[in-house]
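One line per chain: the protein sequences are A and B, in this order.
The first sequence begins at 1 in the working numbering and counts up by one.
The second sequence begins at 1 in the working numbering and counts up by one.
Source of the hints: derived by calculation from the structure; they are not laboratory data.
Be a bit skeptical, because a hint or two may be false.
Subject to a maximum C-alpha distance of 27 Å in a straight line, what follows is the list of computed DSSO-like cross-link-like pairs (lysine-lysine) [what the hints assert, rightly or not]:
1. A/K205 <-> B/K130
2. B/K252 <-> A/K205
3. B/K49 <-> B/K78
Each chain, written out:
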Amino acid sequence: MSILEEAGFDAQQAADNLESARSVQGRTQLQLTWRRLRNDPVSMIALAVIILMVIAAIAAPAVAALTHHAVDTAYPDTGEDASGNPVGPGVAGFLLGTDSTGRDLLVRVLYGARISLFVGVVSTLIAIVLGVSIGLIAGYFGGIIDTILARFTDAVLAFPFILLAIALATVFGPSLTLIMVLITFFSWAGIARIVRGQALSLKEKEYIEAARSLGAGPFRIMFIDILPNLLAPVLVVGTLLIPAAIVFESTLSFLGLGIQAPTPSWGNMLSDASNFYQVAWWYVVFPALFLLITTLAFNLLGDGIRDAMDPRTERLIAARRLRRRGKRKARAVTVQAQQPGK
Amino acid sequence: MAAERGDDVLVRVENVVKYFPVKAGGFIRHTVGHVHAVDDVSLVIEQGKTLGLVGETGSGKSTLARCVAGLIPVTKGKVIFNGTEITKLSRSAMRPLRREVQMIFQDPYSSLNPRRRVGAIIGDPFAIHKIATGAERKRKVQELMERVGLNPEHFNRFPAEFSGGQRQRIGVARALALRPKLIICDEPVSALDVSIQAQILNLLKDLQAEYGLSYLFIAHDLEVVRHVSNKVAVMYLGRVGESAPAEDLYDKPRHPYTVALLSAAPAADPDTAAARQRIILVGDVPSPIDPPAGCRFHPRCPKAQEICARVEPALVRDPGKEPEGESATDVPGGWAHVTACHFPVVPGENLATAGAAVPASITASPAKSPAKSAVNSAAKEELS
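Bound conformation, chain B alone (with noise of 0.2 Å):
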């Protein structure tokens, strides 16, 4: 297969770090710590698929996709598009390569202008990169306007006359506009109803198979990512901990972490529901300012055991065993099912049960200093 030797893929993201600086004091500010954001994370995308990056919030999703759009600089690693390193390009070096990557946001609400036309919002890329003007770029807006399902005679309303659902669709005509080879979905549904959803999510995927676009798919909702996905992969506090092809992970997850996210997603039949049983995990996510040592999942984990402390478990094809060979496939987004983890769930394990074995030796978190708590949440306004 093409994937297998990596021909297809589109984007590289090799060991990406972003820390960003937490400052404190008033007159004179300093740094007085790093929130972990992005940690040493690796990916692919492959052209034409869908890379699905679930996780719960803090967890780096939303970072490290502005990371791969060029939006904030990286503080370690490099992104490669397309065979270009972008991670060091200037601005106007970069102005070509915006064209092939577009971004659709969350909020359809906060990412349209509201004192500007949707004409103008849909016609900015043609203006911003000089291709269409007057006539022809109204032309180009209202075939735009028209593939997404918006009616074209409504290009001289404002964002505040349309529904959510309406709105998104601008927001999906503006990233469309300029053709662009990937475009980064950050929740691009997560603001919606249900019913509405269905309709945006299939509307991407009809752009994906007419245009042959790639996705780098962000949600929270795990049917979502399902549903658009082809591979997808699993973060938890800036790092991957499970990647696999979609069918894969929700069929057979290995990650303990991927187990109780599945567990939490609600169930649309009643009887399913009642049958099933959720994995609670204790505690909180940990304050990425001071990640726990060892496996990150390691305070949390139904299933850790003293080395889960001590020693980070690498992402391994089939774990337990020693991987046979690096290539394309073992970076998350591949073809392999990989996981980060010491003891990876195997068919069949009950891991509701399996929580009061956790030694309390283990699950116990360094104590927390209230000036500490205090850089926590200034570190959580700086993350969203």
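Just chain A, with the same shape it has in the complex (with noise of 0.2 Å):
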């Protein structure tokens, strides 16, 4: 037996070793579900386009120092040209242009990001606690609890939205925290009849009352014992929630019942320049491709997120994996051929 064997045989049995030794460590789903999302190109451009959309949006204000240009600060001399309208791309170190009054609007679109960014997952993050917890109050205790929570959040769901947005911001006067009160009480409602019907099906398991059985209390239950199970449709319904929310904050201040000039926004942004896309395309172009990527590499994320929770990609995914490694065994195969044991 050749030397090189032996070491082969030998690194053979330590990789064959190392694997049982990781093989005992059962995966989790959030692991499963990251190696399947990793192997979709789609998922993964969508996650960079969004992970890159943060760091711009954290950005902002070096950018801002950057281009030595504040974002509510207007530029009479070097943003308009000699008929007081907007400059164009690339004019007078203005990358983006200029908006209506003069002012950059690279720097105001990151700062419009900012908002975004920041009332998307804000208020979905805030919803998806609200909607787990009411879901899984009414779907566990059943009941009149059940009948209390669940005609609720029917009644949630037919509200019309923008009517109450409008209502309440004539009322209390549009603000951030009004956008996001809003956004999160019209988006819960999803999560809690999911969460509730899941729950009212998952309660009848043996494992439930076998729990019951130990003495488990209702709250150690819902949270330990259900929880878990409903990860996958809660992940997905939350992704998808961001880019909703996102929207909705930018019909509202397209409106002009969220976020306030001269605070940026997309919207208002967008809002804006519906006066001016005759004589400045890029005025109504950044803001709206912004608003387009955004919500598109959210929502292209979450049908990622769905595809790979589902199992039965898992096998999709092996059949790649064995075809890959069957390829290099066959390669070091013909390297061990081609050197003869001595």
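Combine the two chains into a complex, taking the hints into account.
Have a look at this one:
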């Protein structure tokens, strides 16, 4: 037996040992999902776009410093042409051009991203916490509690969103807090309904009965036994709620019920731009493009997570992996064959 | 004998009744009837012994087990565990008793939470009763895994990574964690391969010998019950029809239903199987919503007479004669062979040919309206 072969054998053994040591630790659903998600190019691109958007939003003040253009300052000398119209992209150091009052569009769009992402993520998180709690309580306890909570959920889902928003904005005056309260109020019900349905079916499982026979209380059962089983639908719906919240925010700001000037938001920029689209196409295009790319990325990622959470996807990936491994092994065999044993 | 005086009795079930309401109507739901899941059942389970409970699907075995475990409230009657009546305890008062009574479930796939690691599942009893934490809990869990024949290194895996038999071992380990006095086994092997069944049954027997456990063992496989049980009670439509020490019941069954049930069990030896005459019962099990009057088995019984439809037979020792005073032994699960039948089967009697003699007036079941059968199917769903 050659030294090479012996060495190769040992390495194989070591690799096997490592593999078995690793396989003792079962993979969690999140680990499995992430492994599948990694193999999906569309989701990975969407994730990269989201991360870039977050970095850009965080770096907005830095961009403002680099371009020497403050977010709310108008630059009538450089940012407007002779007839007082906005200047186009690339003119006089304005990379994306200027808006109607000669402010830097790039800086304003990035500051708008901060608002949109903040509103989208934070209101969705609050909505998830609310929706999961209400759905779990309604589904697990059942009876009169369920009837009250489920009817309340249905009532919320039946509310006309825009009408309520206009009414409340008129009464309380538009503000960031009001937008987030509104978005949260209209988002939790969808999650609660899904969670309630799942909880209703999961509570009949034998492992819930087993937990009860061990003496577990209702809250332990809800949050330790039922909740982990709801991870997939909640994660998917949550990811898809973020773009919906971003669009809500933009819609309200577009209507003048949301973020107020001079604070930039994609919605109020678009609203402003609607008067200038004939002279300054960039004023419409760039905020709209950012809005589109962000919501599209979140939607694609949500779809990707849904597919990755589906165990049936696993087989596809396993097959792909097997093919790749087979190729590698074939290559290794050829290499060994080319080096005859001494 | 101690059991004769009832000293060694761990659990005493006294006239337990469990009815499930049957609801109908879309918007305003109202009760239209009751499923008589368990109807006036008394039992004793002796310390360190196994009571087998057999009967076909829907006979109320599992419902009775859940009443004994305190998982569902009883409609009437008492369950006395080790001298304490548990049927009226609140959830918090019940908590210390939960340590004494544990359950092993039928389906090893749905009785383990698929999203939790095996170590966490087996460690649950320690967490809930705040007995051990951290490294100590892990050590105890691994000891338990080793005791039931699992690789203790696998505590970080998920239930999906185990086979059916291994999963049932996980269920056994969880039930064993708090060193209970009674383990209720609700068809623990009916979902497993025959070869695996024997392994689990032997494990249960070893554990019984080691820890002095008592079992309430539910099954519909008669051979399995014979293998593990000291006493066997046969249930039909929410009632106990016959109860006896295991060998006595298998050798000299007296209730026609028991005889039919035994004749339906497959025999391993082809010669025996060919020589044997199966008793084919006519009709279906009547609805538990509207159980037949008199003896519940009479519409299907090959020996039924006119009295069977009128008078409900009592559970008595040596039927046909007067009972000789009340004692613990006359309760199912005790040492006596008790039968609830007006015309018990005598050894050597051939029931397979008796079927023709049944008068038509007795076998005819009450006319069913279409509405009632819809209620029946709803009730069956509720039971399952």
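Verification of the supplied hints:
Between the alpha carbons of A/K205 and B/K130 the distance comes to roughly 24 Å, so the proposed pair stays at or under 27 Å and holds. Between the alpha carbons of B/K252 and A/K205 the distance comes to roughly 40 Å, so the proposed pair goes past 27 Å and is violated. Under the criterion of a C-alpha separation no larger than 27 Å, the hint pairing B/K49 with B/K78 is consistent with the structure, at around 21 Å.
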